[in-house]
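Mind docking chain B on chain A? Use the hints.
2 protein chains.
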Amino acid sequence: MNMNSHAFAGNPIKSRTPKPREPVSPQSALKTLRTLLSTNSQIISDDDFFKILPFRKGKPLTGSTTIGLKWHLGWLSLSDCKSYLEKSQVVLTDDSLVYLGSQNENGVDFVYWGIDVSDASGLVDELGARQFCFVELRTLMVATDWSDSKAMSQLAIAGHGRALVEWHNTARFCGYCGSKTVPIEAGRRKQCSNDLCNKRIYPRVDPVVIMLVIDKENDRALLGRQSRFVPRMWSCLAGFIEPGESLEEAVRRETWEETGIEVGEVVYHSSQPWPGFYPFLSLSLSSSSFNY
Amino acid sequence: MNMNSHAFAGNPIKSRTPKPREPVSPQSALKTLRTLLSTNSQIISDDDFFKILPFRKGKPLTGSTTIGLKWHLGWLSLSDCKSYLEKSQVVLTDDSLVYLGSQNENGVDFVYWGIDVSDASGLVDELGARQFCFVELRTLMVATDWSDSKAMSQLAIAGHGRALVEWHNTARFCGYCGSKTVPIEAGRRKQCSNDLCNKRIYPRVDPVVIMLVIDKENDRALLGRQSRFVPRMWSCLAGFIEPGESLEEAVRRETWEETGIEVGEVVYHSSQPWPGFYPFLSLSLSSSSFNY
Chain A
1 MNMNSHAFAG
11 NPIKSRTPKP
21 REPVSPQSAL
31 KTLRTLLSTN
41 SQIISDDDFF
51 KILPFRKGKP
61 LTGSTTIGLK
71 WHLGWLSLSD
81 CKSYLEKSQV
91 VLTDDSLVYL
101 GSQNENGVDF
111 VYWGIDVSDA
121 SGLVDELGAR
131 QFCFVELRTL
141 MVATDWSDSK
151 AMSQLAIAGH
161 GRALVEWHNT
171 ARFCGYCGSK
181 TVPIEAGRRK
191 QCSNDLCNKR
201 IYPRVDPVVI
211 MLVIDKENDR
221 ALLGRQSRFV
231 PRMWSCLAGF
241 IEPGESLEEA
251 VRRETWEETG
261 IEVGEVVYHS
271 SQPWPGFYPF
281 LSLSLSSSSF
291 NY
Chain B
1 MNMNSHAFAG
11 NPIKSRTPKP
21 REPVSPQSAL
31 KTLRTLLSTN
41 SQIISDDDFF
51 KILPFRKGKP
61 LTGSTTIGLK
71 WHLGWLSLSD
81 CKSYLEKSQV
91 VLTDDSLVYL
101 GSQNENGVDF
111 VYWGIDVSDA
121 SGLVDELGAR
131 QFCFVELRTL
141 MVATDWSDSK
151 AMSQLAIAGH
161 GRALVEWHNT
171 ARFCGYCGSK
181 TVPIEAGRRK
191 QCSNDLCNKR
201 IYPRVDPVVI
211 MLVIDKENDR
221 ALLGRQSRFV
231 PRMWSCLAGF
241 IEPGESLEEA
251 VRRETWEETG
261 IEVGEVVYHS
271 SQPWPGFYPF
281 LSLSLSSSSF
291 NY
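Going down the list, the sequences are from chains A and B. Position one of the first sequence corresponds to residue 1 (the UniProt record's numbering), numbered consecutively onward. Position one of the second sequence corresponds to residue 1 (the UniProt record's numbering), numbered consecutively onward.
Keep in mind that the hints were calculated from the coordinates and are not lab data. Predicted model, so just to flag it, every value in this text is computed and none were measured. Honestly, I wouldn't trust all of these hints.
Cβ pair distances, simulated, as ranges [as the list claims (entries may be wrong)]:
1. B/GLN27 - A/ASP125: 45 to 53 Å
2. B/ALA221 - A/PHE229: 41 to 49 Å
3. A/THR32 - B/SER28: 55 to 63 Å
For each residue, glycine too, the CB sits at the ideal point set by N, CA and C.
Next comes chain A alone, as it looks inside the complex:
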């Protein structure tokens, strides 16, 4: 199966889960990044190794080329990023930095970061003057040529970044004791700051099933429509997996709840990460044999 066949899948950046004892760990990269961004130190040698993608309210920074109307992600160098932040008087908090992974290109390790600049309204004008703007992921998805694997990779990186950056907003406090959480592992995990609790908090990924229910004769599909849909718009049934359910059971329950129809065999098709406000994982299934 081609991983690039689904939008938001096929992220080319290797994002190994951080291990504390790695020679160049994400933690040490974070330390370097924060030092260089926050102090008056001159950025010289490290500039080229950092690629920083700003997000504003879940939207990644995006530029476009006039030729062919193609978009590209607005990766900033460390010095450009620093100068933008200083001009718009933005001070990044610990929650705003997220390690996206690293990639070796021609023997050089590039380190990729997402930063959350939602509060930096001054930045919009600043970047707008440079033909950059913050664009909704769905818009980028529609604007992408799905046969262009390079563009699909960019979409996947943006989706991964959005999911991690947005998760920091929904995990500011520990669900168990209510204390503040602090980012650890370069923003890929969080931890409760209360020493008596100290719970580790992992990015939330909510599994969802989306299914095409078809009849035994394989000539009719079961679709649904919501009241908010425009006329003639129909969609596949879908829903969250509940605790205690297999995904095949979730397909059966959701179809039964929404339509009263009992589903027969359930066949897995593929899965796709979906970077909504919560980072969903959606699992496509096709399903045969309803009688109606």
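Chain B alone, transformed into the frame defined by chain A:
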């Protein structure tokens, strides 16, 4: 595929996601349950319609028959439950009650509830005298004859109950604003009590991949072992799905992280709910073509 082939799958109780306008909604069942449990009212007519399963620190109440050493879940009637709670001076909070679903048997609707009695140490003796005790789910799993579909159903109900009951402990506070959360929809959802936030909180289901990686010749399997394992114990590789990953990508990343081996084709096998401290959903995949 037979849903009962996996432990903790195949819950026979229909747990339709509560709809507020249903004639007999879980909310109205909750109101009845709370009224009958908390006041001095005599329980007469409704007693038989409620089946209540107590959980203590994630362990369901369990009894066993002397014949064949079979176990069964410790379902209590409303009046029994009330009398136990009164004897051990337990007052249930809103967070302690979870609607597990309803089932129509011979024209009568039975309503199933899970209750969390973790703080009620007095209850252990009380119930012990009646040959009931609280048993870890893994122990029940091992003690179950996997070809006995009725016993497997009981295991699935216990797993579903545990996942929901335990989730209330980890979702006491809103991750977004830090305020207290309150249960809604009969304990199947929670909501932030801060009117300015009001976020809805859904039970957390963490998708996990567990995979049997095999070589191209189909004659060797890739297994791992942790330092805490007993000698000669090996296990399949497994890991959490990260935001922005399809499950096929999670299989590849985890295998690469743990062993440095690149995985070829990934084939989905089946899925299983796993009621750990977090309610996992694990997805089994088999995978071929590593070269080593």
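A quick look at each hint next to the structure:
no., hint, verdict
1, B/GLN27 - A/ASP125: 45 to 53 Å, "holds, 50 Å"
2, B/ALA221 - A/PHE229: 41 to 49 Å, "holds, 48 Å"
3, A/THR32 - B/SER28: 55 to 63 Å, "holds, 59 Å"
Figure legend: structure checked against the earlier numbered hints; every hint is met.
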